[in-house]
Amino acid sequence: MAQLTPQQRDAYWRKTSRLMWIIMAWWFFFSFGVHFFAVQLNSITIYGFPVGFYMAAQGSLISYVVLCFWNASAQNKIDEEFGVAED
Amino acid sequence: MANQTSSSSFVANLGKIYGVYTGGFIFFVLVLAVLEQMGVPNKILGYCFVFLTIGVYAYIGWISRTAEISEYYVAGRVVPPFFNGMATGADWMSAASFISMAGGLYLGGYGALGYVLGWTGGYVLVGVLLAPYLRKFGQFTVPDFLGVRYEGHTARVCGVVVLFCASFTYIVAQCFGIGIITSRFLDIPFEIAIFVGLLGILVCSMLGGMRAVTWTQVAQYIILIVAYLVPVVWLSTKLYGFPIPELTYGQALNEIAQLEQKLGILKPHVGAYVDAKGQFSWVEFNNFWALTLCLMIGTASLPHILMRYFTTPNVKDARTSVGWSIFFIFLLYFTAPAYAAFAKLEVYTNVIGQPISALPAWVQNWSQVGGLLTIKDANGDGILQLAEFIINQDIIVLSMPEIAGLPYVVSGLVAAGGLAAALSTADGLLLAIANALSHDIYYKMIDPKATTLKRLVVARVLLVGVALVGAAVAGTRPSGIIQMVAWAFSLAAAGLFAPLVLGIWWKRTTAAGAVAGMIVGFGICLFYLVGTRYFDMQLWFGIRNISSAVFGIPLAFVVTWAVSLMTAAPSKEMQDFVDSIRTPKGELAWVKGAVHD
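Which chain is which? The protein sequence lines are A and B, in order.
So the number in the numbering used here is just where the residue sits in the first sequence, counting from 1, plus 6.
So the number in the numbering used here is just where the residue sits in the second sequence, counting from 1, plus 1003.
In isolation and in its complexed conformation, chain B is listed as follows (with noise of 0.2 Å):
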């Protein structure tokens, strides 16, 4: 195989062709920097900062661009673990991430710091409880784990149901963060904009999977991460002359604080479980609880991310991967908070109490984004109030560095980031859907004698497919981002976490319970979301639907710890299986008649 011997000095090289590439991005930000003060117009930095991004990865998309199963399924599991941990950042940090989670911390203070303990924690689950022993097992998909252990086709369909729906629900959202990007940054209705950055996705998951998706993603993480920091630092720096946001934003909390008292807002930014006139609330606090343990479950069912550890060479890289994967990921979480307060002193101090006809430009530009910034002069005093000030939590993030009057660049700068994350996600959860309808129903169920071929085609044509309907539903606004994102964590949590942790930690767990305990946590939660999001069904114990999984999570291993008892033990084969999947070294024991690769 030639393609053996490039992609290997590839691999060895892979520090070197990121730093350059790293250091060929500064030179094209500083680049147009420059352009900026010479008055190139801001509408033309837009349109460098969207295209030369998306035809970077198209073009890394088009290099990596492979006809080898194991290629393009799992990257030719030769990632190593510090790359890996990058590329999973990228994967995981999606929209929701980057444009929503600062703007949910502006609004809700305190209490959205549930997300970002819920988006962190998770990987101390995936990477004890499963990534290890996932990697060891070493097949292409995670339902082929549900399919192998459960032994047959009832889990693995089962899990291909979880994974469509959580992960599409996912999808669906990063669609509709895309559309706010290139909708804003490249003046175009927000309909059309959505398919537009579609071919970005596309582009970089059809041709090469798997293989493309990482060496894409690692590059979208630089990016990301880039994107992210510069503003924070730069505020910081103006601000305390200090550029460690995460040291210095205690004293914008500080000021935040005094200026609710002049404003009179009766809910202060770092309250603990207040609700709106600032008193303690015990829905509040369950609230949070349920929406951290929610979302860290999620992480560790969310099939995107589990087959990110298929991707490394060893099992103990797949251990490392996740340190490095969380670390990676650390450094945006860290640094959103100090985002968020930036933020709103910016607000508090720069645009509320101004004359309304005396608003900088971006208050018009922003507002023109389907509905997202309003400012209603209600008094008709002429002077914006607070409360004639709403902005979604959706553009926090990239209007913070006008609203902050920072130089047009840093804007474009921040939309590139935010794009990043929304493509990057986006093309991990097409492949873990495509690959779960091509491997697992199609390969594994309908024509097992398929050619490579005719499976590759297959996964391409789902995956253009998926991608369609996935941007054709986000046309329709069907909410926020960050709320969809938190549904399609519960949908997972629900479905998969307790067939995969007992598969592994539990010999004794049988297919019938494990089929059992997938169908009840998972319609527990499907029920508990569609009621109270469609049907106005009231809420039990006051838990918001973004947390629906608090119920059918705990509901799932009791039933499938109860089934498992009911039935007869699984067959000594079975649990050597288990025994060989714990240990890191060693061959597979396949149970007889399982199908594998």
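If we strip away everything but chain A, and leave its shape as in the complex, we get (with noise of 0.2 Å):
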């Protein structure tokens, strides 16, 4: 009952590597991307915090905390909608 099909096991990894890929491109925007920018972001400042500084201090870690329970839950969808989740 496990047993995929191969078209079903390609449409299987095909969706699961496009989420890898979505949070591949958060994950890179929050580690690199943003940073990129963090002169220009210092000039601004929230609450005696300059932005480029916050974002690495705290902002991206948010995001990871938010990435790593994201892809946990979407790929469990995925599982369940091809059937191979663990019993």
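Among the hints, a few may not be true.
[Stated by the list, open to error] The calculated DMTMM-like cross-link candidates involving lysine to aspartate or glutamate, where the alpha carbons are at most 25 Å apart (straight line), are:
(1) A:LYS21 with B:GLU1349
(2) A:LYS83 with B:ASP1579
(3) B:LYS1575 with A:ASP93
[To be verified] Each pair of labels, with its calculated beta carbon distance range:
(4) A:PRO12 with B:SER1482: 50 to 56 Å
(5) B:ALA1070 with A:GLN13: 44 to 50 Å
(6) A:GLY54 with B:ALA1015: 45 to 51 Å
(7) A:SER49 with B:MET1448: 57 to 63 Å
(8) B:LEU1334 with A:SER49: 29 to 35 Å
(9) A:VAL45 with B:MET1448: 51 to 57 Å
(10) B:THR1570 with A:ILE28: 31 to 37 Å
(11) B:GLU1590 with A:VAL45: 50 to 56 Å
(12) A:PHE35 with B:LEU1110: 24 to 30 Å
In case anyone wonders, no lab produced these hints; they're calculated from the structure.
Note that this is a predicted model, so its numbers are computed, not measured.
Ideal Cβ placement from N, Cα and C applies to all residues, glycine included.
Hey, can you piece these two chains together into the complex? The hints should help.
In structure tokens, the structure reads:
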């Protein structure tokens, strides 16, 4: 029953890969993209925090926690859709 | 198995057990606080913190002792995701995170945020690219995966070599941190202190392997996070009347900026990519992203972290567990920049500009620990100038409660936390090394017929041996904690990331390709590290050797890709095997002849 046809398997892996690339894109944005502009962002100050500094010190970290839980739940949905989730 | 029932009721009651434990720990700290007010000397308080916490870890290690292979190597695969997250947090956060990182931020300002980013963002890679698939694979070690996926001992041995080099460098750094803490709080020489601390590591890991280490690490996480948060929350309340340091330290940053102008400091704390003169510098810019990248990829390559995800009950739990791991790690990292800012503010306002004769006792105490703090009245005016106060990044966190004038019990608490961080990571690393040697080299290659008893004896002997050598090397003080740890990350990243990720995500990866990629990637990284560190080699593009892997990682991918395409595609069976790793449900389609349990 867990056996997928080759077509189903490919479809499953396509969806999984798509999710992977989406999360990797966000990861890249929060790990590198934002910080490339740290100097410019630092000229904005919110509650005493220069924004460029804040993103590297805290903003990006929040995004990582969200990304990890998001990945877990989105991948579980894909697993259930294809009937390959564990019992 | 009588063991089975008692361990399943243990797992069902984890919340209650650790809840009581946390309450007990807080009660213990309060009792010591009262004792301090009653005039019990600081030295006794220090002893209480060090010995009582190590005693608790030893007790957990003792009751978790086991003679079963799967308990010893993967904690019986019963660890719930939430608790595996805590254990990973302790496994992860080492002396470098706890003791040195805020110190690095104190000295380096924005430039050191590369550590904060690098040591958290890697979990996204772990959760998306590796952990669930390694859990489905479900063997005991990371080299196991390489050995099966790349059919043969060559890949397995390459994996063990990289694992050994990275984890050993890492262990030396932890022993160094343990040495600093025990020597300061027990008042004994550094070289002896290292070996006292070592006993603390061994009692946790030797008898119970992964099972003991897991449950000790959960206990250690609780202590280390409490210890890290208490002084910062306290200071935040003291300075700004609000107990959430992550919100209030923006004001501290402002005050620091004003003091920097007053003191004539050219390099601002929050300035991004600036050199010592406060000018924008491309070298700093490149080093920042290179360090972030190396640390993140290193996170996703370090076997002592990856093997934690072998211990969850199933694939789904492995994914959720990565989420909990990053959450528990986040709690500390999110706070570190505040810790650094408060420490800097305290030093700039209460230490600099004071008469040297009137400096408090902590200066004297810390000056005695191996040259980590020096005060020299260079211009002979009797007043401490900024340039005359040289503090090592490894003692900022440990000494901050004293600098800020908090009760000594907080210092003791922080020491206990730092010790928990260093011990828990050292345990995980030791186990990763000893498991690789005993399981991958001894059992899989030398004596596949070895009995369970013999395998476990070999594992334990190796564990003790590696620990002793690690402590001996640490006694020679090879470098600062954070640098050594960063090297370990680079070594692991350059050697292991490409073969692991491609092995799962690209079916066409061949054994020859993976082995070539590992050798070239790891080789270049090691060459750059050793060359620049010991032989005065020129830096390439100004990249410091803490980010050595920045050259090795892409090279490993390119070489693996090119050599794979030049060699014959993996067999149909191997491709089916990869498919079976990719789907959470169902049996693994083992390739004929693959050695597995």
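Against the structure, the hints:
no.	hint	result
1	A:LYS21 with B:GLU1349	violated (53 Å)
2	A:LYS83 with B:ASP1579	holds (24 Å)
3	B:LYS1575 with A:ASP93	violated (28 Å)
4	A:PRO12 with B:SER1482: 50 to 56 Å	holds (53 Å)
5	B:ALA1070 with A:GLN13: 44 to 50 Å	holds (48 Å)
6	A:GLY54 with B:ALA1015: 45 to 51 Å	holds (47 Å)
7	A:SER49 with B:MET1448: 57 to 63 Å	holds (59 Å)
8	B:LEU1334 with A:SER49: 29 to 35 Å	holds (30 Å)
9	A:VAL45 with B:MET1448: 51 to 57 Å	holds (53 Å)
10	B:THR1570 with A:ILE28: 31 to 37 Å	holds (32 Å)
11	B:GLU1590 with A:VAL45: 50 to 56 Å	holds (54 Å)
12	A:PHE35 with B:LEU1110: 24 to 30 Å	holds (29 Å)
Against the hints set out earlier in the document, violations occur for numbers 1, 3.
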